[in-house]
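> From first to last, the protein sequence lines are chains A and B.
Quick note, the first sequence lines up with residues 1 to 259 if you use my numbering.
Quick note, the second sequence lines up with residues 1 to 351 if you use my numbering.
The hints are simulated quantities; they were obtained by calculation from the structure and are not laboratory data.
Check each hint, because a few of them may be wrong.
[Stated by the list, open to error] Pairwise CB distance ranges (calculated): (1) V28/A <-> T129/B: 51 to 61 Å; (2) S161/A <-> R179/B: 27 to 37 Å; (3) F237/A <-> G138/B: 40 to 50 Å; (4) F71/B <-> P60/A: 23 to 33 Å.
[Said to hold, decoys possible] Partner residues are not named here, just some residues of chain B that face chain A (Cβ under 10 Å, in silico): (5) R43; (6) Q84; (7) F89; (8) H91; (9) R103; (10) R148.
Just so we're clear, the structure is a prediction, and the values are computed from it rather than from any experiment.
By construction, the Cβ of each residue, glycine as well, lies at the ideal position given by its N, Cα and C atoms.
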Amino acid sequence: MALAAIAVSFFALPLIGLLWRAPWAHAVDYVNDEETLTALRLSMICSLWATALSIVFGVPLAWLLARVEFPGRSVVRALCTLSMVLPPVVGGVALFFALGRRGLIGQYLDRWFDFRLPFTTTAVVIAQTFVAMPFLVVTVEAALRQLDGRIEDASRTLGGSSWYTFRRVTLPAIRPALIAGAVLAWARALGEFGATITFAGNFPGTTQTMPLSVYLSLETNPERAIVLALVLIAISFAVLIGLRDRWFVGGRDSPRVVL
Amino acid sequence: MSLSAQIEHRAGALDLQIEVEVQAGEVLALCGPNGAGKTTLLRCLAGLSPIDSGRISLNDVVLDEPATGTFLGPDKRKIGFVFQDYMLFRHLSVLENVAFGLRARGTRAAVARKVAKEWIDRVGLTEHTHHRPTWLSGGQAQRVALGRALATSPSMLLLDEPLAALDAGTRAVVRRDLRRHLDSFAGVAILVTHDPVDAYALAARVAILDDGRVVQTGTLADVTARPRSRYVADLVGVNLVPGEIADGVLTTAKGARVVVADAPTGPAFAVIRPHSIALVREVAVNSSVRNAWVGTISEIARLGDRARVGIVGELALTAEITIAALDALQLRPGEQISATVKATDIEVYPA
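Starting from the given sequences, assemble the full structure and let the hints guide the process.
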């Protein structure tokens, strides 16, 4: 009990610290500020894009890792989840040397299509997807492994094609895990800092997301940094509470998913 | 209209080598111990596990023949599969579960729903049409699984231990209903079971599987009378006596009377285990044994240190005695003998 209480206060105290120092009198002005709103909008758009991309590519990847046996599968899994443990800055540097103007692929994008990725909003989305997708992949893969394959067999014997089975049986069965994974990925994308600043830079309006804005304000205007931090916390907290009750603990038909 | 399969399939420790022929309208029961390959055989027939070599054809359509590179996936075969734990779709209602196969095969929603409703009526679950499977009891879930498998009008029905997950009371009722559905099913039906009672009630023919091979096949009466191994004798070598129960006595069609304990009135069958039968030259007058039938010894087969003695008469029975007892009694085929058994040693199942 005592240890658990310490753990709770460990998470609660920094939050209280922020609330205590918050300049409540000017809070509304800071939030209503053009720069803040721009950063907030950019953060929202980019993190949602990153989540969408994580789902579109992450679910097939999770399926491959869970269901298809091929040599070197554990190596592929490690590779695809490496960015979870990697310092994000390292990820950003790696992305830069792959997709940057002189990068492995970036040089051809530049030469053939006159297309440069770094320091664009697209780069923000890529950096966020890079660090966020593994969270979805790991969650969905675990759910796919737990799922009794015979439920899919049942669909197949009833005349369902592989795709029909995936859509009508597999996907609904792993829905709670998919939502949990998507929320985790989204939260990770929203908070992404290191890879973004390295790969996409810090340009207000195009690449300056909320976390970047918070960090930079800390130097120039700490009060503003506190307010922005609180806005981020409020959004994340609201989403976590809202989703937890609806999906994670589950209704009578959705199996429990441990976040 | 029939199934013809020569199957070779390796999976882990199991090496399946099997030939099966089943006619349309026939029900074949597959019996055997765990790991004998019963479920794997069903999966091969369903296309869930491709075979390594051999040939499977249903109604002259080749389903799987590695030599010619022919393989039809499960969704391309006209089959119905009832899984051991039913594998109902928990996120769909009973109606959507039963309509699933038709929808998957491209039937319009309205038509599929209409056919599914008919099947739900037929399996007696009308009031559960819109419930989720999680609301259903084991017996109800089994019936949904059966309705779901039959709704697509398959040419072959595969049932993997359809009654194993049910408690004894439910089992008798569901077994009777399943019997009714199998009787009206025109295609090939194959049923995996551990229980000779199920095999007797549902199938005309049994195939005994052991370690990936068919070790014996025939009618259950044949297999019971002449088990080719100790193992088969233990598995299905029981006497099954059908009849009508009234006042604690089961009367067979031939008029033989079997005194039974705690028996419900009505059609039923008695299970008399060969080792519960005692053979005597003369029945003692003041014995607690309630059943004694006089018959003629038709054959004596030795299996290890035991002997199976076939008796014909008003009641055809197989008794199992030790070789020592056989020698002591000096039994010979053609001799008259009395078979006795205590009423409490007889199990009774409603038919």
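> What hints, given by number in increasing order, does this structure fail?
As far as the earlier hints go, not one is violated by this structure.
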